[in-house]
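Residue numbers (the working numbering), protein chains in the order written: chain B, 22 to 334; chain L, 735 to 914.
Hints are computed from structural coordinates only; laboratory data are not their basis.
Below, computed lysine-lysine pairings styled on DSSO-like, alpha-carbon distance capped at 30 Å:
1) 736(L) <-> 59(B)
2) 31(B) <-> 736(L)
3) 167(B) <-> 60(B)
Chain L side only, calculated, beta carbon under 10 Å to chain B, not exhaustive:
4) 765
5) 810
6) 811
7) 863
8) 877
Here the structure is a predicted model, which is why all the values come from computation and not from measurement.
The beta-carbon is built from N, C-alpha and C at its ideal position, and this holds for glycine as well.
Residues per chain are reported as follows:
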Amino acid sequence: MNFFSFDLRKILIGMFLLAIPLVLLNVEHNPEDSAWYKKPFLWSLGLLQSSYQGFVHTVSETASTYLNLVDLKKEARETEQANKELTIRLQQLDEYQLENERLRKLLNFEANASMELLPAQVIGQDISSDHYTLFINKGTRHGLKKLHGVLSTEGVVGYVFNPQPYTSQVLLLTDRSASIDAIVQRTRARGILSGRTATSARLRYLERADHAQEGDRVITSGLQDFFPKGFPIGTVTAVKTTDHSISLEAYVQPVVNPMQLEEVFIVLQTRGAEVGEGELSQWTQEPPSVQEEASAPEEISGLPSSSTEETLL
Amino acid sequence: MKQALFQMGHWLLHALGLLVLISLQSSLWPLLLGPFPPLLWIVPLVYFATYYPLLPAYFYVFSLALLASFASSAAPFVPVFSLGVLTALMAYLRKRIFWEGPSYLALTVILAALLYPPLTWLASSLSEAHPMAYPRPLAWVFQVLLTPWVAFAFFGAFRRLDQIFLSESMFRSSRGAIAE
Numbered sequence: 022m023n024f025f026s027f028d029l030r031k032i033l034i035g036m037f038l039l040a041i042p043l044v045l046l047n048v049e050h051n052p053e054d055s056a057w058y059k060k061p062f063l064w065s066l067g068l069l070q071s072s073y074q075g076f077v078h079t080v081s082e083t084a085s086t087y088l089n090l091v092d093l094k095k096e097a098r099e100t101e102q103a104n105k106e107l108t109i110r111l112q113q114l115d116e117y118q119l120e121n122e123r124l125r126k127l128l129n130f131e132a133n134a135s136m137e138l139l140p141a142q143v144i145g146q147d148i149s150s151d152h153y154t155l156f157i158n159k160g161t162r163h164g165l166k167k168l169h170g171v172l173s174t175e176g177v178v179g180y181v182f183n184p185q186p187y188t189s190q191v192l193l194l195t196d197r198s199a200s201i202d203a204i205v206q207r208t209r210a211r212g213i214l215s216g217r218t219a220t221s222a223r224l225r226y227l228e229r230a231d232h233a234q235e236g237d238r239v240i241t242s243g244l245q246d247f248f249p250k251g252f253p254i255g256t257v258t259a260v261k262t263t264d265h266s267i268s269l270e271a272y273v274q275p276v277v278n279p280m281q282l283e284e285v286f287i288v289l290q291t292r293g294a295e296v297g298e299g300e301l302s303q304w305t306q307e308p309p310s311v312q313e314e315a316s317a318p319e320e321i322s323g324l325p326s327s328s329t330e331e332t333l334l
Numbered sequence: 735m736k737q738a739l740f741q742m743g744h745w746l747l748h749a750l751g752l753l754v755l756i757s758l759q760s761s762l763w764p765l766l767l768g769p770f771p772p773l774l775w776i777v778p779l780v781y782f783a784t785y786y787p788l789l790p791a792y793f794y795v796f797s798l799a800l801l802a803s804f805a806s807s808a809a810p811f812v813p814v815f816s817l818g819v820l821t822a823l824m825a826y827l828r829k830r831i832f833w834e835g836p837s838y839l840a841l842t843v844i845l846a847a848l849l850y851p852p853l854t855w856l857a858s859s860l861s862e863a864h865p866m867a868y869p870r871p872l873a874w875v876f877q878v879l880l881t882p883w884v885a886f887a888f889f890g891a892f893r894r895l896d897q898i899f900l901s902e903s904m905f906r907s908s909r910g911a912i913a914e
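For reference, chain B alone in the conformation it holds in the complex (with noise of 0.2 Å):
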């Protein structure tokens, strides 16, 4: 066999195929980038993505109709009791709006108006398994921006990453890549937060001496612009300590789960706002202590209790 009589047609054409992800690898470093060859595939994909969410809601939507004709008559005799209670209740409301509207004057605070927010639908997920992201039905034909935050009623979701015209991927707080600044509440500690496995986090860099333990709320820090401050985003479940490691690391469990989300909130704009104390029981789900429910009987998830009343006043 003579050594040197290789066929350099098939080297050439080996050498080009191993280029191609060699060159790949350097496309990488600029994933900031929304290059403009993606668009017209990102366009038909969340074209696709939407029809497909409509064809689910509409599917979704025509069956609880016909479930619902099958019991219209019970419901009908229900709906009328409830409307009477409604009606009640209604009148309760008005006079909560009207002591609400009167409270807000008297403290001068913009409350919901300090965020900017739009709605949005999710549309679709990543197609890889071990990366967290998803598809909304907003781009930035609807004012979206990347690093914009993404919210749910319940928590932090994630910001967007990658802003089409009509859609837009967010990267949510579960993908290892990434990074969202936060303080545990109780101590204080800050604390860069990315994505662990698809339902849990971790905050790193905490500094050893921060003490933070199992059940320490997490929360944004604000810093960011991305998110208001304040605004809850997991609890601590265990925190990892080595000997080597000059910093702590905690895990932390998403008061949100973003797999199972159907509607999310995009900060368009915080104006520094700050969620505080009071609004953050609002944003948790956790039910009132007993304590708690013996001094606010009376109070309604978004309108003031009394003991926040005689605060304000």
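Please arrange chain L on chain B, whose structure you already have, making use of the hints.
Relative to the frame of chain B, chain L by itself:
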């Protein structure tokens, strides 16, 4: 010229098909059937790797894997590297064992669904700043169990498209009588 146009049409149709499969996997399946969809988009790529001569196979696999990477936050290197290795493996396999029909494609799809997650883990470790640390075994199991059935459903359509769009020699070589 005509043949080149047909070849381009063939690629475009497959790109469109890939788009539909990606949207089915990322949108319709999770909305209707739950959080563990099959790896639908990998099936046409495995088909190319299984039935086409090596060079056209790599052209189709690399270009369509790159398109698919746009629908993920993964770096493009990860799917391109993983599917590149799978393509070489399929070429090796078909030289040793091959039979006609959709069951062979289903077998290679099972292999691909089994090997794709470890290969992406390897590619992620080689290239990403935050490599994969916690794989999802349940998602892996579901992918291996569900994806091969798609091969049975699409095999006929893929063969028909090849027959219409590819040249006689390419179509003949794509029937398993590998002419490399």
